[in-house]
Amino acid sequence: MADANTDVKEMNFETALKNLEDIVDKLERGDVPLDESIAIYERGEALRNRCDALLKAAEAKIEKIKLTRDGKPTGTEPLDG
Numbered sequence: 371m372a373d374a375n376t377d378v379k380e381m382n383f384e385t386a387l388k389n390l391e392d393i394v395d396k397l398e399r400g401d402v403p404l405d406e407s408i409a410i411y412e413r414g415e416a417l418r419n420r421c422d423a424l425l426k427a428a429e430a431k432i433e434k435i436k437l438t439r440d441g442k443p444t445g446t447e448p449l450d451g
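Residue numbering for the sequence shown follows this note's numbering, starting at 371 and increasing by one per position.
Just so you know, the hints here were simulated from the structure itself, not pulled from any lab data. Do not rely on the hints blindly, as some may be mistaken.
No more than 25 Å apart at the CA atoms, straight line, and that leaves these computed lysine to any residue pairs for SDA-like [claimed, not checked]:
(1) Lys426 <-> Val402
(2) Lys379 <-> Glu429
(3) Lys396 <-> Val378
(4) Lys388 <-> Val402
Beta-carbon label-pair distances, calculated as ranges [to be verified]:
(5) Phe383 <-> Gly441: 29 to 35 Å
(6) Gly445 <-> Glu398: 45 to 51 Å
(7) Asp401 <-> Glu429: 36 to 42 Å
(8) Thr444 <-> Glu391: 39 to 45 Å
Ideal Cβ positions, reconstructed from N, Cα and C, are used throughout, including at glycine.
Hey, can you work out the whole structure from these sequences and the hints?
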């Protein structure tokens, strides 16, 4: 797991997700003192928010290719459009 002092806002998706998975594993084991559990839970929440924001940003960049009736590309449009 990355250093607990690493700024969550600077993490890429893969790093944030790995850190979040490590926190979940640690909390599920149940061998963490209450004070530490609370602290790592709060960090886990920040990591979850970071992953969510990065996924939403990636989704906003994805576009569909528009095709003519004969299958030739004519441009793009938003994926949800």
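With a cut-off of 25 Å on the C-alpha distance, tell me whether Lys426 and Val402 pass.
Violated, because 32 Å separates the two Cα atoms, which is more than 25 Å.
For a C-alpha distance cap of 25 Å, please report whether Lys396 and Val378 respect it.
holds (18 Å)
Given the range 36 to 42 Å, decide if the beta-carbon distance of Asp401 to Glu429 lies inside it.
holds (37 Å)
For the pair Thr444 and Glu391, does the Cβ-Cβ distance stay inside 39 to 45 Å?
Holds, at about 42 Å.
Just to be careful, I want the Cα atoms of Lys388 and Val402 compared with a cutoff of 25 Å; is the pair within it?
holds (19 Å)
Range hint compliance [Cβ, Gly445 to Glu398, 45 to 51 Å]
holds (48 Å)
CA of Lys379 to CA of Glu429, is that 25 Å or under?
Distance of about 19 Å is within 25 Å: holds.
So the hint says 29 to 35 Å: do the beta-carbon atoms of Phe383 and Gly441 match that?
Holds: the Cβ-Cβ distance is about 34 Å, inside 29 to 35 Å.
In this structure, only the earlier hint numbered 1 is contradicted, and the remaining ones agree with it.
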